[in-house]
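J.: Single-letter residue listing:
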Amino acid sequence: MVMNLDMAKKMIKAAIERAEEMNRLCSVAIVDDRGFLVAIHRMDRAPIPTVDIARDKAWTAATFRMPSSDIIKFGDASSPGFGFNTQNWNDRLTTISGGLPIKYGDDVIGGIGVSGGMPDEDVAVCEAALATVLA
Amino acid sequence: MKEVTLEIAEKMLEAAERWAALSGYPSSIAVVDKAGAVIAVHRMDGAGPMTTDISINKAFSAVYSRAPTLMLARAIDSRMLGPIIGSGGLGLLTQAKLRLMFIPGGNPIRDEDANVIGGIGCSGVPEGVGDISDTTVVQAGYAAIYEEYD
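Just so you know, the protein sequences line up as chains W and C, in that order.
Be aware that the first sequence starts at 1, since it is given in this note's numbering, and climbs by one per residue.
Be aware that the second sequence starts at 1001, since it is given in this note's numbering, and climbs by one per residue.
In short, the hints are calculated from the structure, not lab data.
Since no wrong hints were added, every one of them can be taken at face value.
Pairs of lysine-lysine, BS3-like flavour, derived with a Cα cap of 30 Å:
1) C:K1011 / W:K10
2) C:K1002 / C:K1097
3) W:K13 / C:K1011
4) C:K1002 / W:K9
5) W:K13 / W:K103
6) C:K1002 / W:K13
7) W:K9 / C:K1011
8) C:K1002 / W:K10
9) C:K1097 / C:K1034
10) C:K1002 / C:K1034
11) W:K9 / W:K103
12) W:K13 / C:K1034
13) W:K10 / C:K1034
14) C:K1011 / C:K1034
15) W:K73 / W:K103
16) W:K103 / W:K10
17) C:K1034 / W:K9
Please construct the entire structure, taking both the sequences and the accompanying hints into account.
T.: Rendered as structure tokens:
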């Protein structure tokens, strides 16, 4: 199973429907398993920076194979990879929540990032999108 | 039409994708608003990873220069440059934090009064200015606007 445009479109549609229910204006980005962009949609009147933030979250989730908020664990000096979260090696890494890996069985086939609401709202929108495709 | 909405952008992408699929070259297509900010980007299955950013930047460049990126490509054509290094189009090269694209395939979207209200860019079709090129893909996308508004 690999990420494809049809699946990405379906996920984005579900995410935007959920965001509309919650009265939030946001951007939704889907990347493939290597972190390369597949699709982005920005809702009408959603702030401009949300596009890139959503993409950053999706990239982080897909390449680290963990929710983007989990990156903060590299701030713990006793964990392997300490300091990753602040090392400026890459302009896409983010610790903001709202990015989740897209899993198919045990494989990570991509990542989804949502930006525009409160942190837990962004995650809820991500989960709505994941539920649609993997159900 | 005064504004490119997500709904219109999706319509344009769909039409452009249909054309790109017909031509046999999977591509990335991006639609941006009048600020040059992304509204929607799609990378078709099989299109290379770099095509997404190129299509976004082509659409941005079309808005920024209020002209097709074909004209930007002309601006840095060696035949267009003046006798002094840096005169003519070369000065454009480093503008907009290196986001300007000098490759054909980005067109501005205009309203009835010919104001630029957005841009559309495509990347993925190999070089060409004839029947099949990035430019014809974005033109196919542009034409989709009028399916509803005429």
